[in-house]
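There are 2 protein chains.
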Amino acid sequence: MPSASDQDLHPFDQATRVVVENGNRFGATSDHYWAFVGPFGGATAATILQAVLTHGERSGEALALTVNYCAPVRRGRFGIDVRLVRANRSSQHWSVDLVQEAEDGSGQEVVATATAITAERRPSFAHQVATMPDVVPSSEVKPLVMDGFSGWTRQYDFRFVSGLPRFRDPTDAALADPRSELWLSDHRPRRIDMLSLAAMADAFFGRIFHVRGGMVPFGTVSMTTYFHIDAAELAAENTTELLGVADAQVFSRSYGDQTAQLWTPSGRLVATSQQITYFKA
Amino acid sequence: MPSASDQDLHPFDQATRVVVENGNRFGATSDHYWAFVGPFGGATAATILQAVLTHGERSGEALALTVNYCAPVRRGRFGIDVRLVRANRSSQHWSVDLVQEAEDGSGQEVVATATAITAERRPSFAHQVATMPDVVPSSEVKPLVMDGFSGWTRQYDFRFVSGLPRFRDPTDAALADPRSELWLSDHRPRRIDMLSLAAMADAFFGRIFHVRGGMVPFGTVSMTTYFHIDAAELAAENTTELLGVADAQVFSRSYGDQTAQLWTPSGRLVATSQQITYFKA
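As they're listed, the protein sequences go chains A and B.
For the first sequence, the tail end lands on 281 under this note's numbering, and the numbers increase by one without skipping.
For the second sequence, the tail end lands on 562 under this note's numbering, and the numbers increase by one without skipping.
Treat each hint with caution, since some may be false.
Unchecked claim - Covered by chain B, per the in silico footprint, the following chain A stretches (three or more residues, Cβ under 8 Å): (1) 56-69; (2) 73-83; (3) 123-137.
Said to hold, decoys possible - Per the computed footprint, the stretches of chain B lying under chain A, defined by three or more beta-carbons under 8 Å from a beta-carbon of chain A, are: (4) 343-353; (5) 374-381; (6) 504-512.
Hints are computed from structural coordinates only; laboratory data are not their basis.
All C-beta atoms, glycine included, are put in the ideal place defined by N, C-alpha and C.
The following block holds chain A by itself, in its conformation from the complex:
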């Protein structure tokens, strides 16, 4: 029987929970964050980051995270092999493999690999070059109705300021702009933390859906996120929402890119991300 505290746990905290048994780390997929053929990649990324941040040897703040999605993660438990590869005076380099038992019982296979960097964030020259889009506050935007959807998309409120996905007439050959601006928040409100950044960097619909005005087979192959704020500064922002800006530069030979920015309501650029995606179209 789940304990009362388990029931109170936010679905995102449940999805990104890491347990340690005999020195080995494990996570488990969450049906709340299920996507087409596996868990939402943002939940996987956040779980990997959690495994690094809760590691006993970790010092410093999350600076960079690259996750390579090698194969669909199957429902259930997975191992998270975390290796501190190199530590310097001010930074640590981590390599992570996500592993599951092979379906044919032939042993463990890698379903995702990742590298992460944690670093001391010392006071320095500061300069925000990018400017936050001048958008209306989230309170003035209705969330997208996700009733027709299932899984992970129901765990977020998507308040599109621009670049709402539209399902076009299939005879219309015109392509739309891949760029979207939207307020992102957990459907059940939760204060944004470093794990939220790792997950929300992936919480955009495939840019190819926007461009073509329809769904096609699609998946993230690799995602890299840089963190431009530390945990204490982010906690001080005390927000449950971020402005996300997603865009794409090119689609070619079955792969396309995506770029993303995450902004606090106060106007601070807290994470930037890019991913390479597979599509069939």
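Using the hints, position chain B against chain A.
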């Protein structure tokens, strides 16, 4: 005595050469591509990509490369441990460690880690969203005079179209735009190939030098490059130069980002890249 073919070898091919001995892969730093405290990160990235692309089990094209620079690579030889982590129907996931003997003789230590993805590039829907900057051809731009510089910067011709680095009056507090547009080519002409893309994605001066108008201690911590063309298509472009566009979004707490695009003269976006950089300022 170096053989005639060694002397004829382009410095970039020499710098990125991978030799195999008893199944183990090795590279070596090149004085031609030396930077402040170690080799030019682009040469290291290209050498890692070379080790993957020349691996006997490799199939498919370079799609994504992330290199984490853990510590300065010392002059001389280094091991390149290449591991095929997972192969699917259409893609392969690689993990790479660059290793050198510790200076204190305590054994091998990791100086860089990397992940790479190779993939079949099948015909598909194609759409180039980004537009190439409307710039003058390289023939109309004089290369930056690199006489005051040494090492890797002398291996390239940098023809700035915009965003030329300027050394400002230290009493001038105004910050400059981090964006640069420049034609990039090997100083000794060499046809652009996938290795060039991996290297040239890093062949930009630190954006913080541009913003502040002066040099500060600086280094790339991690770089991720996506390839939007395959080797045969790139060979067919038959070019020795690329237009590079570099920019930055934010500098905060000792770290800043850099984004880059590489364009062929024919107007094709062939690689996009981002990196997180350390600075002391």
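**Asked** Do three or more residues from the region 343-353 of chain B put their C-beta atoms closer than 8 Å to C-beta atoms of chain A?
**Response** n = 6 at 8 Å, threshold three: holds.
- Query: For the region 123-137 of chain A, does the count of residues with a C-beta closer than 8 Å to a C-beta of chain B reach 3?
  - Reply: It holds, with 8 qualifying residues against the three required.
With a C-beta cutoff of 8 Å, work out whether three or more residues of the region 374-381 of chain B approach chain A closely enough for the coverage to hold.
holds (count 3)
| request: Can you take a look at whether the region 73-83 of chain A is actually covered by chain B? Rule is 3+ residues, C-beta closer than 8 Å. | output: violated (count 0)
Are at least 3 residues of the region 56-69 of chain A within less than 8 Å of chain B when you compare beta carbons?
holds (count 4)
Taking 8 Å as the Cβ threshold, is the statement that the region 504-512 of chain B is covered by chain A upheld or broken by the three-residue rule?
Holds, because 5 residues of the region 504-512 of chain B bring their Cβ atoms closer than 8 Å to Cβ atoms of chain A.
The structure does not agree with numbered hint 2 stated previously, though it agrees with all others.
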